Amino acid sequence: MIADLGLIALVLAALASIYSLVTAAMGGRTKRADLIESARRAAVMIAPLLTLACLSIIISNLTGDYSLEYTYRVSNDTTPTLLRITALWGGQNGSMLFWCWLLSWYVFFTFLRPWKSNLDLQPWVNFVAIGTQAFFILLVIFYANPFARLWVDAAGNVSAAVFQPAGLRAYIAPDGTGLNPLLRHPGMIIHPPMLYLGFVGLTIPFAYAIGAMLARNKTDSWIRASRRATLIAWLFLSLGLLLGARWAYDVLGWGGYWGWDPVENSALLPWLVATAFLHSVIIQEKRSMFKIWNMVLILLAFCLMVLGTFVTRTGVISSVHSFARSSLGVPFLLFVAIVFVGSVGLMIDRSNLLKSENKLDSLFSREAAFVLNNFVFVAITFTVFVGTYYSMFSELFTGQKLTVGPPVFNQLLGPQVAVLVLLMGIGPLVAWRKSSPEALGRMSWKSALLGVGVMIALFALGIKPFWVLLGFGLIGYTAGVTFSEYWRGMRARHKLSGENYPTALTRLFQRNRRRYGGYLIHVGVLVMGIGVIGSLNFQQQTQRSMEPGSSVTLGNYTLTYDHALTCDPTSTMPPDCADWYKDRGRDIEVIAGYFTVSQAGQAPVELTPYREVFLNNTGELSPPGVLTTIGEDLYVIFLGEQSGFGTVKVFINPLIQFLWSGGIVLVIGTIVAMWPSAAERREAVTMPERVAVRGVVQ
Amino acid sequence: MRRKLILLFGLMLMIGLLISGVALAQDGTPPPPTARPVTSDDVNRIARQMYCPICENEPLDACRTAACAQWRAQIGQLLSEGQTESQIKQYFVERYGLRVLAEPPASGVTLWLWVLPVIGLVIGGAYVVILMRRMRARNTASVKAAASAPKLSDAGDYAQRVERDLKNF
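Those protein sequence lines, which keep their order, are chains A and B.
Here my numbering = 1-based position in the first sequence + 5.
Here my numbering = 1-based position in the second sequence + 15.
Simulated from the structure, these hints should not be mistaken for laboratory data.
Be careful, since some hints might not be right.
Unchecked claim - Covered stretches of chain B, going by a simulated chain A footprint (3 or more residues, C-beta under 8 Å):
hint, segment
1, 65-74
2, 102-115
3, 125-138
As the list claims (entries may be wrong) - Examples of chain A residues toward chain B, derived with CB under 10 Å:
hint, residue
4, TRP259
5, VAL376
6, LEU377
7, THR403
8, GLY410
9, VAL413
10, GLN421
11, ARG549
12, PRO553
13, ARG616
Note that the structure is predicted; figures quoted are calculated from it, not measured.
All residues carry an ideal CB built from backbone N, CA and C; glycine is no exception.
This is chain B alone, in the form it adopts within the complex (with noise of 0.2 Å):
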């Protein structure tokens, strides 16, 4: 039974990460705008999380094509507006569509991207915890041969362990 808990355990700690790995990302703060002038780095910033059409597997701030220098000046113009990054992110988008985002919103259609590798390690989990007790209820019998088995303990135990590994192989 205890055993059983351990497993358990574990896949619930891998399930817990994922979820919370997907909520601590959520909400990364992007740094508060400034008075400054707006440098390459501050258009950078922005551009690695987007993608212009052109490019299609380039982040934006890498993209050399013209049309993606045009949307940095873009962006580099909004900057300069007072414009926040999501103020920003938002313009693209509402002309271009949710393309331009490299990590598109946990909402409507996109949620399903974030929600199904949730569900297929909740059901597969699941499916892999039903299947191990299943086939360890077969055979309870062979459990206690097992469990009367000499104990492993210490070195010399696994130099034979090793030793015979190393004949079986």
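With the rest of the complex left out, here is chain A (with noise of 0.2 Å):
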């Protein structure tokens, strides 16, 4: 009954966004201000009718309606309440729905009150957001539909579809099979979503860019009015892949937080166009250049980002053959290609509209470091892309599987990586229009000398690799640089208003939001960088069966083995079990092992790193026992126990503190850049006139 109520209300949210898709083409094109207002409209209801389908699912799940498919396959009677409602994400169907909510919030607050400025851009980007939704909403109707029923032949063969097959018979399954074991975690909870809102996010600024073109706009106001939202979106996937790789990190228990295997990949390639975009729409905001390029940017993101949710929805890569397995292949395809090819005819059309309207005047400049910043940005997305795909192509063409692993990224990316840390350090340093290398050098010698000077002085520590010694000499130069950034700034502001340093640095930031956030997200990103050089170069390791009461050393720790705990909850388990069930299905086995770690001058410390074995075979998880420090984590696996020997895998994992709280940073420099300010409110009444730096009034 409820699930009938939610697949009405999707269906009503398909009619809703097609009829907003036509009226806003129509309104576009006789520019009547009646039709544009009711494909706004239109637009505005999608969000509260998924909701409502969202709520039924959300509801089916609480209730064990397991006459629903999707509710019998995400959940049981012992699933707790929580992870019923997490569920809406925890399997295919259900995750698309999820996206189309996540998606129709995003045009919601889009097209919520009636534009006030672009107007004329307004019809086109409605048109081309409520495009890619009900694009979605009806991919979720006919390919994956969550409102399907079960349904029983007189041999008891069940299936599922949405409406009743002749000859068969309504099904009720009497207890659902659960929740993947995998996405009880609460990191798994929290983590696609964020992933979701950052790729779905990605639609706004496309649709902008492409409404522009559309409307035949000339200006650059698109950039502007979408800023936001890609900053949202790129917050949100930042998120997604931190904790995605924390998640990896404190559950999955192979040592390590990124494995460059194509669904990470997928996530990060649209982040990197995404980042390469955040910098070049900075150019065309200051100096009307690089129009095209931007716009290329936003349509690669995109199609990454569609691409990024085929595969991980239907896993293509690890096999080219699941995908006629699944039925999203072909639509999802045909849409990509309809985008790209329309994208790119409607840029050919259109590109008188996308003329610079400035040229470059050096190419020792701002803007020529922004060129190379997203060169290299692009470089290390192509670079990322044929690692990804080259698998699956290899098996298409020539029948060979091949395994990319972290090695060959590792080496492909590192030299371009530094070399972004590098531009990193330069491109603040470099004036608008033109500069010279003797003004950088004036700016930027005290950095090159702490750069400098961090390289000796680990090289005297007796760090010897070139590589290592490289990366963490270009994060001293770049961080010196970035914060004389900041102290300049300070210093000037100080000077020129006698403020003191910290009111000085306070009105930086309020005053200059956006460029003060992004030095922080800056710092973020070295700081993160210290513990990618760390944890690649420095990771110890040793695997060792041991008896009770026996040690191995690694490092300046000894670990020494207490006993084993093996709870199989289909038998009787042993008293001590009960505190691992509290909170814990009984489809999963616990397997656990007891260390003490103790270290020269410290109270030791117990450890419990412990293996979740899924009863039904869908696999099984490793959290591990972990002593963190400021400068390293001790990091334990248990492997299991055989004949009385318990066996252990032991990790140092250095620096890998770093990796965490520069994301932190990151998240807050992206938080600070977008957060509205004073002045960008006044922006908002009275648009700024273009003044370059330097003096030179355009």
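Dock the two chains into a complex; use the hints.
Written out as structure tokens, the structure reads:
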């Protein structure tokens, strides 16, 4: 009953989106205000309708309506309430609906009020955004419908369909199969919605870009208007990637946080292009240049996002053969093809709109630095793309299946990332329009000295690998430049207005959140870089099978094995197991190892790494026991017990804390950069004239 | 002209770094085989560079399936027979194909994996250089105007720039 309501809401949402799509196009062509307004209202209706659809799935999960195929697959009688709610995105069909729902809220807030500015854009932005929305809603209805019901034929075969097939009776399963145990961890509950929010958010700047071309709008207002949406999408993408890395580290138990597997890469690709886009829009805003390039970037980000959704939903890369199995394949590829061909055609047709208003004055200018930055970002994207899809193509064309593992990515990307970090330290110092190497030298020699100092100090400490020294040296240099930018800004304000330094710093952030928030993001990236270099190059590990009471030593740590505890819920369990099953499903077997870590001069610490083995044979997790200090993590994985011997794998992950704390700085920096400032609110009233730096007024 | 050279130099440096990165990685020397008993660490050192077909996205040393455990046992067996790292990898490649290696060799079809990014970098880099030169050539007049603009030299100027920028946002 509830599910029927949800299905009706979903169909109404589809109708509303199609209506809005058609009306927006007509309104855009005829410039009739009533049509444009009608399209906007229909667009705003989609979010509440999809909310109803999502709620009805959640209610079906909560009440255990096992006549619904989706509820049957992702829930069962013992599933806790919270997980029944999050099961909304715990299976393919539900997660596609969830995806649509998130997009509908971006659309909702974009069109909540009639626009006051960019009126010529409105119908066309509406058209593109709703076109995407309509595609995904139709995909849910026809290819991944979570409202499909279970039916049974005379022979007792159960199948799923939305409407009753001829000759079949309705079927209600006695109990569900339960949520995939992998998806019960809090990290896995939060991380997909973050990634989805980032993914779908890219639709808005894309809609603005294409909308501006459709409206034959010559100005750069689409960039200004979609800037916050782009940053929000980027923030969520970053959060999704960071949380995913942290989840892998905390739960999967292989000692690392990033495995360069296709699913991870397909989320990284749009992030990379979006990052390039966030940089290059600054040139267009400030100097009205590189308009085509920005169109290309946002188009690429959008296509990679759709491709990424497709890849993560169907698993097509791990084997091309899964393509045939997934019914989503053809519509997805068709959609990407339409978007790509349509956008490129539009760009060629409207290329006269996309002419730069300014020319490049010098190869030694902020503009040129941004171009190089974009070049490197795109080169990195290309490399990751080749690495990710290579095995698919080699299987298609030669039948040879390949693995492209982390060593390949690390070697190909290391130097490119190094150049990017160097540019991060040069770009902010180079003036708009024209600068000189002398000026750059004058402003950065101290930072360069700092970088060289870092390299010498580390070398003296016994760190020999060239790439590691170069990496830390570059981080030192760029950190020097970034902090001196803050310092120079503070000092300038101090001298001009007599503010004390802390006030000056706060004012700097208040007056120009975007620039100084952006620098904060740079700081975050540099801090993360320390963690990446450390954990990549200095990880130590050992594996040992031990009797109770014996120890293994790694670094300064001595790990002593005490005992193992095996809890199999299908048989009688030892009393100690009760602690493990307070909030754990009975379809999970727990194998825990109890260890004591001792270090010279410190109190011993107990660690209990364990394995969760899923009894339905869908895999397992190995949450490690971790002893965290500022410098490194002792990371212990318990592999199991056999004939009295416990097997343990011990890692020392140096500098890994920098990765997480740098991630936090990056997130804070992004929030600072996108927070509306007083100056920006003024900007909304009066469009600023463009003033070039160095007093050259255009 | 000098600036153009600097830009070119920067690009070449980057390409050079990339190529040398690839080259450096090719001659990682494996530890010499020893007479001491084979440990799990010895096995893992090799397994870390391999993938078994069951665990598509997890290295062999981390994969928990029985099939992968068997592979690791096999590696231990081969090590105790005195085989070297490259012999052992070859053993698995012959039986299961190149997909077992985390890092496919840079030869044959897989060469493209290494060459494509470099080609992309060279072509893209050349395109960027040409584009920027052309954009600049069209605009020599305004360069002269910019060149005659006042020089940004000391902190005073910088302060003004900060203020101007702040107003501009």
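These are the hints, each one checked on the structure:
no. : hint    : verdict
1   : 65-74   : holds (count 5)
2   : 102-115 : holds (count 4)
3   : 125-138 : holds (count 8)
4   : TRP259  : 4 Å, holds
5   : VAL376  : 6 Å, holds
6   : LEU377  : 7 Å, holds
7   : THR403  : 5 Å, holds
8   : GLY410  : 3 Å, holds
9   : VAL413  : 5 Å, holds
10  : GLN421  : 7 Å, holds
11  : ARG549  : 7 Å, holds
12  : PRO553  : 18 Å, violated
13  : ARG616  : 8 Å, holds
Against the hints set out earlier in the document, a violation occurs for number 12 only.
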